[in-house]
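Residue numbers (the working numbering), protein chains in the order written: chain A, 1 to 287; chain B, 1001 to 1159; chain C, 2001 to 2749.
One thing to keep in mind: the hints can contain errors.
[What the hints assert, rightly or not] Subject to a maximum C-alpha distance of 20 Å in a straight line, what follows is the list of computed SDA-like cross-link-like pairs (lysine to any residue):
hint, chain 1, residue 1, chain 2, residue 2
1, C, LYS2124, A, ARG35
2, C, LYS2623, B, THR1123
3, C, LYS2623, B, GLU1125
4, C, LYS2741, C, ALA2141
5, C, LYS2428, C, LYS2623
6, B, LYS1073, A, ARG56
7, A, LYS257, C, ASP2677
8, A, LYS50, B, LYS1073
[Stated by the list, open to error] Over 10 Å on every C-beta distance to chain A, these chain B residues come out as not near it, computed from the model:
hint, residue
9, THR1007
10, GLY1012
11, GLN1015
12, TYR1017
13, LEU1058
14, MET1064
15, GLU1075
16, GLU1082
17, THR1085
18, GLU1095
19, ASN1121
20, ALA1150
21, GLU1157
[Claimed, not checked] Computed spacing ranges between beta-carbons, pair by pair:
hint, chain 1, residue 1, chain 2, residue 2, range
22, A, ILE254, C, GLN2245, 49 to 57 Å
23, A, ILE254, C, GLY2165, 35 to 43 Å
24, C, ASP2304, A, GLU262, 22 to 30 Å
25, C, PRO2135, A, GLN60, 56 to 64 Å
26, B, GLY1071, A, ASP256, 53 to 61 Å
27, A, SER155, C, GLY2389, 19 to 27 Å
28, C, GLU2071, A, LYS257, 33 to 41 Å
29, C, ALA2066, A, ALA57, 48 to 56 Å
30, A, LYS257, C, GLU2175, 36 to 44 Å
31, A, LYS20, C, GLU2071, 17 to 25 Å
These aren't lab readings, by the way, just hints derived from the structure by calculation.
Treat the numbers as computed from the prediction; the structure is a model and nothing was measured.
No residue lacks a Cβ here, since even glycine has one placed at the ideal position from N, Cα and C.
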Amino acid sequence: MNYQAPTSLDAAVDILAGAKGDCRILAGGTDLLVRMHSDMAEPDTVLDIKRIDSLRAISQEDGGWRIGAAVSAAEMGENADLVADWPGVVEAANLIGSTQIQGRCTIAGNLCNASPAADSVPALVAAEAKARIAGPDGIRDIPVEDVPEGPGKTSLKPGELVASIFLPSRPERSGDAYLRFIPRTEMDIAVVGCGVSLTLDASGNCVAARVALGAVAPTVIVVPEAAEALVGTSVDEDALTKMAAACSEAAKPIDDKRGTAEYRVHMAGVLARRAAVIAKKRAGGAA
Amino acid sequence: MSMIHVTTTINGVAQEYLCEADETLLDVLRDRLGMTGSKEGCGTGDCGACSVTVDDRLVCSCLMLGAEAEGRKVETIEGMAEGETLHPLQRKFIEHAALQCGICTPGILVAAKSLLEHNPNPTEEEARYWLAGNLCRCTGYDKIIRAVMAAAEEMREAS
Amino acid sequence: MALDAKMDGKLDFKVVGTRVNRPDGIDKVTGRARFGADMTAPGMLVGKVLRSPHAHAKIKSIDTSAAEALEGVLAVVTRADFPEVELDEGTWDVLDNCMAGEKALYDGHAVAAVAAASESVAKKALKLIKVDYEPLPHVIAVDDAMKADAPALHDGRQVENVPEGMGANVVARYEFGHGDIEAGLGKADKVLERTYKTEATHQGYIEPHACLAQVGSDGQADLWCCTQGQYMVRDTCAAIMGLSQSRLKVTASEIGGGFGGKTTVFIEPVALALSKKSGRPVKMVMSRSEVLRATGPTASSSIDIRLGMTEDGQITAGFAELRYQGGAYPGSPVEFGSMSAFAPYDLENVKTVGWDVVANRPKQAAYRAPGAPMAAFAVESAIDELAKGLGLDPLEVRLKNAAREGTKAAYGVTYPAIGLEATLRTAKDHPHWTAPLGENQGRGVACGFWFNFGGNTCVTLNVTPDGTVNVIEGNPDIGGSRASMSMMAAEELGVPYERVRTVIADTASLGLNDVTDGSRVTFAVGLATIEAARAAKREMCKRAAMVWGIDEEAVVWEDGAARPSGPNAGKHDPMTLADIAAIASNTGGPIAGHSEINAEGAGVSFATHMVDTEVDPESGAVKILRYTVFQDAGKAVHPDYVEGQFQGGAVQGIGWALNEAYIYGEDGVLQNPGFLDYRVPVASDLPMIDTVILEIPNPGHPYGVRGVGETSIVPPLAAIANSVSAAAGVRMTSLPMSPPKVLKAIQTG
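Please construct the entire structure, taking both the sequences and the accompanying hints into account.
In structure tokens, the structure reads:
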């Protein structure tokens, strides 16, 4: 195996595009090294992107936030302004693994690992986050939900890597939240995850909403019906019930060691309702 | 296979080593540097027995390559006491019987030290969540949490 | 050696009962302590095992030639490399488990191993070994494995008392009890019949198995390993390798948890075989996945209960039929389960029938009070349900039926002084019992029992020339036993605790010691330590008598010194241990005491656990709110470590009750061989675990010591199930009570 730690994005793209055999990006390494340990990955080259300064930064851009691909979840949690704007995204990132994992893991890695149960992804999808992709043909921005194509599979082309994640600016009276269900209080993979982002008008009515579910399909899914159930309402009981039902309806999970399909369908609704209540509160809505 | 030359600082001491590209920092510490205080309980970041800090950030050394430590500052359990003087956490762990078999103890101490550096006055709940990535199968965590809280109190009073 | 007479009126202990710092503390908080994987040897190779991907398969052939040809590979072994020696059935099973012969019997069963210059070469070599498997049908669940048409693992392993017509996987039957069940049930006002199920759980020690083997061409061998019993390792490996026991020296490393799981061998014979073949030291360390796939776990169970109770809470009859699968070989702990199920109760009519069943899973290993927690889960759940159904207080019902001194236990013995009643009364008086509960919260109680063991034990106590003391014992210190032995020696000799250092001997340095199991060490090794100290005291009194020129009988040992005693002793200044040690060369040579015993008189121990839980009715998630352990420890030598045993057992029980389970796919392959999905409790899952130590002296030990380590895992499964059942409003009869299962129970009522 060959280890490379370039200091510029261009150099990283060159290495990635020119690499022979299996070249893997090493950001936090909390998925890659587990795979290597379990002999599920035997890369020929590991490309460490943590020495690239631009990928290590959290910066404000166009009223939103650009988060470099090598920024750890812990660093996101320590940025008070980011937390204030996108509490749901940050809390989702801060739910990945343990304190030790937090010190290393990245949301870009969480996205590119392409697990349907990735904690930060439903929150990013609900936030309408964009992934900036760098490759031999330059830079392109795509919605984060277009990155994963199935378990362990992404839409990235050869030589491409996610350089950063962009969280758009927030209208006033917006809030987001992420909740997941796990059997223990920490350390588990989400059985179901739900991200909700919404915006209220001055009278407390929901004018925009986006709901995403994790671990109920091969990729994180957006549930437009759930959002529609909220828009135009005060996010009241009736709307929440309809929204929960839409989430359960949209969930198409499988039985596995972490939960039954039946349980996941049920919990998709339960979590969506709870997450929406939190998001509404964060948006300044009445309890 | 060509080896990678790494220059780093471990427990305040400049250290150079050669490692293979796929060796973890834990492999390097244990097998190349003879620092066996960091333990491998799982190799997948689920147990915390290999906890170290890198540039003051708590990590699992099993989930980091040895090559990544170039230019970094690594702290391990071996660097926690100053000579014969134990760190307050180490002392409180002994006084509170916070260890039984002792295999998880180095990782928990490193993690707890990191906690108190980030948050000198943690609540019990904060301590429990911070340490959730450090498995202990012997104690049920009770005496560990008590020892951490007692050390935190002592350290606050001393500062 | 019985309880000291002076114990009757509270023995005045000076060291025993205090909370001293453990002698291995500094080594363990600084990272200096050397565990199984922390040892190296010059020229050492890395050993790795190839494991079966099939749950059940015939091994038609193994081609190791490509692996052997790989640069850096120094040895490859298969079963064919183990010597053809006569082995008893139990040891043959151990060998077959360490290295499969004709068949692979479970996913993860070892089929070959390599020793190579590095980890990466060893891994490559494993991939080059070609095993030709013929997959066979497999069976996982105990009730399936018992069926007459289930795929059979072995031929001819059924013991004689298994009735004809039972499936081949039913290998043994046990029966205990007395009285007439049907007559007893006839007298009941209410009879409950229920089936309870538990899943296999793993001991979950954080230290994977590790060893370093070195075999010389002269037949002398050294083995370093993490084990609960270096003598067991020696005897088992010597038999398998055809070595004499004296030629194989086994040194126990510090041990990173065992809980019963390190009472047998897995990689040790393989490392010896690889070392023998390569002529080099070979180190082997299991991965966590290997630990979960191929070591431990305990049995899964399926248990039928019939229990009769009168309106006022008298149990009229108790019957249990217990079915335990113990993995691929005979030896599930169903016998202990059958013996212990009703042990806390004084019953006129009681019967248990146990079935030992094999299935395509790893060979079970002892797990803390092996067999008892599942049995207690069934019996204590049934008592709870009946009591509540009759509107009775579950603690009162247990008190009414509690075993006491003189009770004939279901498993045959008549109890001496025991502490069950004390635990129940203390529980009833504790503020926890009457604390208010909120919505969706429930409280549960349950009792538990463990036998506690004695067994073969040797201790040598050396008095050093400077007047300090070394205690040499042969049981690995798994949770503070060096501290407790030093304390008992100090107590007996009347010297400060700090003057005693206890070390663990290798197998060549001390006589046979049974495995660290059955909660035997503080009792049995303590007994031997006290005896060794008393022998040393007798010798020191003799030396003092010699110096003073008086009869030995006229010298007593008090407060750490020999003193003249009696009318004809004369006046002499006391001689301390240090005084006598300093002149030992002139009075007959070095002073030592030793003790070699097969300890009897282990005192049974009982506990009552009380737990509050909250159930989220929308998700089925269970939160442990409050937990209190009430247990009879006999004399608590080191209360901190007694509490630690109570807490640790309770939390392992919490894991077993709520989230831990072996999960198999349709293909018989283990789905969760890692700490990610084999979910042991983490710190944030738990509250503090409160403990109340009761000290009802064991009449069989001079200080009244009982074992304490195992009883604490017996009540939690039932206590939590009773609590969750109360909180959820629906009776839970199957473990683990995972959120989907609890939710389903709530939804279906």
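Here's how the hints hold up against the structure:
{"no.": "1", "hint": "C:LYS2124 / A:ARG35", "verdict": "16 Å, holds"}
{"no.": "2", "hint": "C:LYS2623 / B:THR1123", "verdict": "19 Å, holds"}
{"no.": "3", "hint": "C:LYS2623 / B:GLU1125", "verdict": "14 Å, holds"}
{"no.": "4", "hint": "C:LYS2741 / C:ALA2141", "verdict": "18 Å, holds"}
{"no.": "5", "hint": "C:LYS2428 / C:LYS2623", "verdict": "23 Å, violated"}
{"no.": "6", "hint": "B:LYS1073 / A:ARG56", "verdict": "18 Å, holds"}
{"no.": "7", "hint": "A:LYS257 / C:ASP2677", "verdict": "8 Å, holds"}
{"no.": "8", "hint": "A:LYS50 / B:LYS1073", "verdict": "15 Å, holds"}
{"no.": "9", "hint": "THR1007", "verdict": "13 Å, holds"}
{"no.": "10", "hint": "GLY1012", "verdict": "20 Å, holds"}
{"no.": "11", "hint": "GLN1015", "verdict": "18 Å, holds"}
{"no.": "12", "hint": "TYR1017", "verdict": "14 Å, holds"}
{"no.": "13", "hint": "LEU1058", "verdict": "5 Å, violated"}
{"no.": "14", "hint": "MET1064", "verdict": "6 Å, violated"}
{"no.": "15", "hint": "GLU1075", "verdict": "13 Å, holds"}
{"no.": "16", "hint": "GLU1082", "verdict": "24 Å, holds"}
{"no.": "17", "hint": "THR1085", "verdict": "26 Å, holds"}
{"no.": "18", "hint": "GLU1095", "verdict": "25 Å, holds"}
{"no.": "19", "hint": "ASN1121", "verdict": "17 Å, holds"}
{"no.": "20", "hint": "ALA1150", "verdict": "20 Å, holds"}
{"no.": "21", "hint": "GLU1157", "verdict": "25 Å, holds"}
{"no.": "22", "hint": "A:ILE254 / C:GLN2245: 49 to 57 Å", "verdict": "54 Å, holds"}
{"no.": "23", "hint": "A:ILE254 / C:GLY2165: 35 to 43 Å", "verdict": "40 Å, holds"}
{"no.": "24", "hint": "C:ASP2304 / A:GLU262: 22 to 30 Å", "verdict": "28 Å, holds"}
{"no.": "25", "hint": "C:PRO2135 / A:GLN60: 56 to 64 Å", "verdict": "59 Å, holds"}
{"no.": "26", "hint": "B:GLY1071 / A:ASP256: 53 to 61 Å", "verdict": "42 Å, violated"}
{"no.": "27", "hint": "A:SER155 / C:GLY2389: 19 to 27 Å", "verdict": "60 Å, violated"}
{"no.": "28", "hint": "C:GLU2071 / A:LYS257: 33 to 41 Å", "verdict": "40 Å, holds"}
{"no.": "29", "hint": "C:ALA2066 / A:ALA57: 48 to 56 Å", "verdict": "50 Å, holds"}
{"no.": "30", "hint": "A:LYS257 / C:GLU2175: 36 to 44 Å", "verdict": "37 Å, holds"}
{"no.": "31", "hint": "A:LYS20 / C:GLU2071: 17 to 25 Å", "verdict": "23 Å, holds"}
When held up to the earlier numbered hints, the structure conflicts with 5, 13, 14, 26, 27 and fits the remainder.
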